[in-house]
Amino acid sequence: MILLLLILIPFVTGLISFTWKHSSVKSWALGSSLMTLAIAFIACLVNRQAPLAYDMPWIASLGARFSLYGNGMSVILALLTAIVFPVIFIAQLNKTVEDAHRFYGLMLLSQAGLMGVFLAHDLLLFYFFWELALIPVYFLCSTWGGERRIPVTFKFFVYTFLGSLLMLAGIIYLYLQTPGRTFDWETIRQTGASLPALQQCTVFCLFFIAFGIKMPVFPFHTWQPDTYEQSSTPVTIVLSALMVKMGLFATVNWLVNILPEGTAYWTNTVMILSVIGIIYASLLAMVQSDIKRLIAYSSIAHIGLMSLGIFANDPGGIAMNGLVVQMFNHGINITGMWLIVSMIEQRYGTRNLRELGGMAGSAPTMAIALVIIAFANIALPLTNGFIGEFMLFHGIFQSENPYHITFMVLAGLGVIFGAVYTLNMVQKVAYGEAKTAAIVSDVSKNELFGLIIIIGLIVLLGVYPRLLFGIIG
Amino acid sequence: MKDLVYLVPLFPLIGFLINGLFWKSMPKKISGLLASVAMLASFAVSLGIFFEIKNNPAAGGVVHLFDFIHSGSLHIPFAFQVDALSSLFLLIITGVGFLIHVYSTSYMHDDPGFTKYFAYLNFFVFAMLLLVLGANYVIMFIGWEGVGLASYLLIGFWYKRKDYTNASKKAFIMNRIGDLGFLVGMFLTLYHFGTASYGELFPKLIAGLPEGVSGNTMNAIAICFFIGAMGKSAQIPLYTWLPDAMAGPTPVSALIHAATMVTAGIYMIARSSAVYNLAPIAQSLVAIIGLATALFAASIALKQYDIKKVLAYSTVSQLGYMFLALGVGAYTSAVFHVMTHAFFKALLFLGSGSVIHAMGGEQDLRFMGGLGKKMRITQITFLLGCLAIAGIPGFSGFFSKDEILAAAYAKNPVYYYLGLAGALMTAFYMFRLYFYTFTGSFRGTHEQEHHLHESPAAMIIPLVLLAILAVVGGYVGLPEVFSEHHLLNEYLAPVVQNFDVHHLTHETEWMLMGLSVGLIVVMILLAYGRTKKPDFKENTGIAKVLENKWYVDELYDNVIVKPMKGLAVVLDKYAERSGIDGIVNGVGRLVSWGSNRMRLLQNGQVGTYIFAMVVGVVLLLAVGLLIVG
Chain H
181 MILLLLILIP FVTGLISFTW KHSSVKSWAL GSSLMTLAIA FIACLVNRQA
231 PLAYDMPWIA SLGARFSLYG NGMSVILALL TAIVFPVIFI AQLNKTVEDA
281 HRFYGLMLLS QAGLMGVFLA HDLLLFYFFW ELALIPVYFL CSTWGGERRI
331 PVTFKFFVYT FLGSLLMLAG IIYLYLQTPG RTFDWETIRQ TGASLPALQQ
381 CTVFCLFFIA FGIKMPVFPF HTWQPDTYEQ SSTPVTIVLS ALMVKMGLFA
431 TVNWLVNILP EGTAYWTNTV MILSVIGIIY ASLLAMVQSD IKRLIAYSSI
481 AHIGLMSLGI FANDPGGIAM NGLVVQMFNH GINITGMWLI VSMIEQRYGT
531 RNLRELGGMA GSAPTMAIAL VIIAFANIAL PLTNGFIGEF MLFHGIFQSE
581 NPYHITFMVL AGLGVIFGAV YTLNMVQKVA YGEAKTAAIV SDVSKNELFG
631 LIIIIGLIVL LGVYPRLLFG IIG
Chain W
734 MKDLVYLVPL FPLIGFLING LFWKSMPKKI SGLLASVAML ASFAVSLGIF
784 FEIKNNPAAG GVVHLFDFIH SGSLHIPFAF QVDALSSLFL LIITGVGFLI
834 HVYSTSYMHD DPGFTKYFAY LNFFVFAMLL LVLGANYVIM FIGWEGVGLA
884 SYLLIGFWYK RKDYTNASKK AFIMNRIGDL GFLVGMFLTL YHFGTASYGE
934 LFPKLIAGLP EGVSGNTMNA IAICFFIGAM GKSAQIPLYT WLPDAMAGPT
984 PVSALIHAAT MVTAGIYMIA RSSAVYNLAP IAQSLVAIIG LATALFAASI
1034 ALKQYDIKKV LAYSTVSQLG YMFLALGVGA YTSAVFHVMT HAFFKALLFL
1084 GSGSVIHAMG GEQDLRFMGG LGKKMRITQI TFLLGCLAIA GIPGFSGFFS
1134 KDEILAAAYA KNPVYYYLGL AGALMTAFYM FRLYFYTFTG SFRGTHEQEH
1184 HLHESPAAMI IPLVLLAILA VVGGYVGLPE VFSEHHLLNE YLAPVVQNFD
1234 VHHLTHETEW MLMGLSVGLI VVMILLAYGR TKKPDFKENT GIAKVLENKW
1284 YVDELYDNVI VKPMKGLAVV LDKYAERSGI DGIVNGVGRL VSWGSNRMRL
1334 LQNGQVGTYI FAMVVGVVLL LAVGLLIVG
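These protein sequence lines are chains H and W, in that order.
Just so you know, my numbering puts 360 at position 180 of the first sequence, and the rest follows in order with no gaps.
Just so you know, my numbering puts 1034 at position 301 of the second sequence, and the rest follows in order with no gaps.
Honestly, I wouldn't trust all of these hints.
[What the hints assert, rightly or not] Here are the computed lysine-lysine pairs in the DSS-like style, where the Cα-Cα straight-line distance is at most 27 Å:
#, chain 1, residue 1, chain 2, residue 2
1, W, K757, H, K625
2, W, K895, H, K615
3, W, K1270, W, K1282
[What the hints assert, rightly or not] Per the computed footprint, the stretches of chain W lying under chain H, defined by three or more beta-carbons under 8 Å from a beta-carbon of chain H, are:
#, stretch
4, 813–824
5, 1073–1079
6, 1185–1193
These aren't lab readings, by the way, just hints derived from the structure by calculation.
Note that beta-carbon positions come from the ideal geometry of N, C-alpha and C, so glycine has one too.
With the hints as constraints, model all of the structure from the sequences given.
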């Protein structure tokens, strides 16, 4: 029941939002998201004792059930989703959006979809939520965004829709193989594992392209910098902090767990793509002048390390735990990053690094926050970014894969490159002389509140990561 | 006492938090006082720990604070190692740190970022204490990168100057290159031994190579750690950040870039002596890189005109000597030199700060001269520092350097002769610096001359105290020919012992000592002769190459930085935009073309379709629920 609430609250309040044609819809959405957050906390606490589950018949004729299940990874991601939305809504409090009722309605529907993706224990239900999460985002991107939003949304749509179609084909194939026609996770897992190797490899591809686009894995990533750049900040946050986790989570839950032989066959390919992605995206991040694009490439590099971790398959399972920790922390940090970027854009009227400078003098609190979040982004110890990265590297190194050391060292280059592009950005934004005569105001109260939550989590989870380990179990 | 060790890093942490959180409203007097008192409190606790361990080596041990990372087989406790080695470093860090804090309250007095400065400085000390206190490599790494952050913030303290922030960026990035080595070394250790805690790892190595672990593995681990040390302790090829780091305020150069942080690499290897004793290839590499750095940096220092740059290259060079000592297995000699170097190099930097303060920010030797008349105390303390670093008998540097050179001779006489050559250069460039600055006649502007003054008491007192330490600090390690008791070696013996260092006969030792002292005196006289009539012609030939630091920065720029940037630009332009995106857009156009045909049949709005889809899916769900209900 707790898990169901996590989906129902945003879903119902989202539908109501569509009819709420008044500016107070902001507070309504914030209230809804805070309620979800409270439930998510409870879910985390309860889930530590015994995994939460919910199950009821859904589409009986197809054998699909409305079945939810909370393992460590899914509960952590639900918690992340529950934290990120109120942070977004708090930051929005002093901003106005056109058609606010539709905006907040779509945001909340997307939240419901995300919750569903992380909690679904039935393959068709999972697919349903996958689409429910994505479709509102198409609207959000195409209605509230930059000048090139229409072609960019179209590109995003083509990419993800292609992935969804392939995934649907894979789902139907697996479904047809199940005894008694069911989408239940456990049955799907047994069915998948018993498939001949060739079939497993083929189905793996169908699923992985969908998930790989969502993560994104090189070379399926080019929708991402464009989409991040053109979307409004709330949508960029949803996309980068949460939606990329759909791809990673699904790869673990619905791919690696389901198709062992297919996974074994494709492991080195995916790992090589991930390593290329880390180095390639890091290099590209170095030459971006738009902060949003820079962070987009930085995020692709980070995701590369996480997808490497999924396939590390080390005997101790540290990489997988590191992945969970890192998914959560990456979501927190990139949310902070986008909040700062949006504040910068609002005040200076540009995101171009060449036109920015001197923020440490004109808006010192913002500059301090930027520096802290930037160092969390490059995994400085005692920030949350370090814990997951350390565990992932450790797991990859301990892997039984014959190329484990090569993979780790090459991925480790990302640690150096990350410092290069992140510190470049900090230097160009915060240091030097101010380039505009305009008087820039420092953070407002609600902005400061959002930043304090993010920075508080960065330090707390960096110093005492056991809070997260407790939830993972 | 041991259980109170957490207080040592806690005091500066509190200082950092208070100054950091309330930087807007904190009055200058209070922030400076708070930071200095925090240091004094840490020093007091460190002193207590030091004497307790001195009286009873068994009083040390591991203090467990909490579980840091605990996941499956990976178990990293947040724990502190209290023993002879760490307690000695605690004393150096908090003691010298306290003096530099006091000095800074005066030096930085008129800076608008005063409170921020002390917050950073306290943070640095906190991180440095974690580094030396950590009971496993992960906690050491936390401190290791933490001091890197502090160094980054303090080098770029005057953030409006682009060259300063470039220097801070360079420092952090070069350190990150080393840090990757450190990480790999740590993962190798975890892979082969399943632990990163000293208390579990080193006992396995004491008896020799453990079963199932090859000599190559030990060499690989040791070399990876050494790569980390190369970054932090500025050794070839990762040294170029340290001279640039002089962009930071001068007390910072004294504390971070001379006395403490840059010696972290020496601490790490001395701590890991059990690993290095089983890794002969890595040991030789450490010795050779150290010696090469010592000579190379000393040669550059000969022709520098910036007072801080001379000291910076001198630091790189002295660190090289410490690595030479580590490489020949004379770990305690390296630690000895860390200690004496902390005294005399902090003294020299603070002295240069006093000079720069009096000169109104001028750092160029060519515009100084005759300052001794106006600033007698600075002059005398600086002279004592020069005598100590040059290795004049009786001063601290003599004892520690002599010990290193003797150990080098025992290993391989070639090491000794090259090391001696470096020591001679040291004597020359230090006294060149001294004579140019304090003797002769003033070469700056009249306005500067008018302003020349001795520094205030808060700056002078630390200078005097450090000068005393620079003179007497060496007596804890008298050479065998003078005394049977080497106090420092005896203190460190339970934790670190020298490995395979042959003892020289007393005759040889006297001979080596006499040779080096004689030549050093000759070099000082030579420096005096050269600087008597200052003549700053443009350098040509080898002198020009030295003045331009062997063009290493230019080399790195052209061989690494520019090609990498070029590659990134090419990838961005061709692989990303024309390549991958070109294909995607092609597919997109195809779809678009197809949908244009379809548009003839339908109304053609993607939005409508999607909306219809959402509605359909929602209905599906609703119907499903209703049927069930």
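Subject >> Whether chain H covers the stretch 813–824 of chain W (at least 3 residues having a Cβ closer than 8 Å to its Cβ atoms) >> reply: It is violated, with 0 qualifying residues against the three required.
**OP:** Could you grab the alpha-carbon distance between K757/W and K625/H and see if it respects the 27 Å cut-off?
**Re:** 16 Å, holds
**OP:** Go check the stretch 1073–1079 of chain W versus chain H for me, would you? Three or more residues, Cβ under 8 Å, otherwise it fails.
**Re:** violated (count 0)
Original post:
Under the criterion that the straight-line Cα-Cα distance not exceed 27 Å, is the pair K1270/W, K1282/W satisfied?
Top reply: Holds: K1270/W and K1282/W sit about 18 Å apart, inside 27 Å.
Original post:
Given the proposed pairing of K895/W with K615/H, does the C-alpha separation stay at or below 27 Å?
Top reply: Distance of about 13 Å is within 27 Å: holds.
Original post:
Counting residues of the stretch 1185–1193 of chain W that have a beta-carbon nearer than 8 Å to any beta-carbon of chain H, does the count reach 3?
Top reply: violated (count 0)
When the structure is compared with the earlier hints, violations turn up for hints 4, 5 and 6 and for no others.
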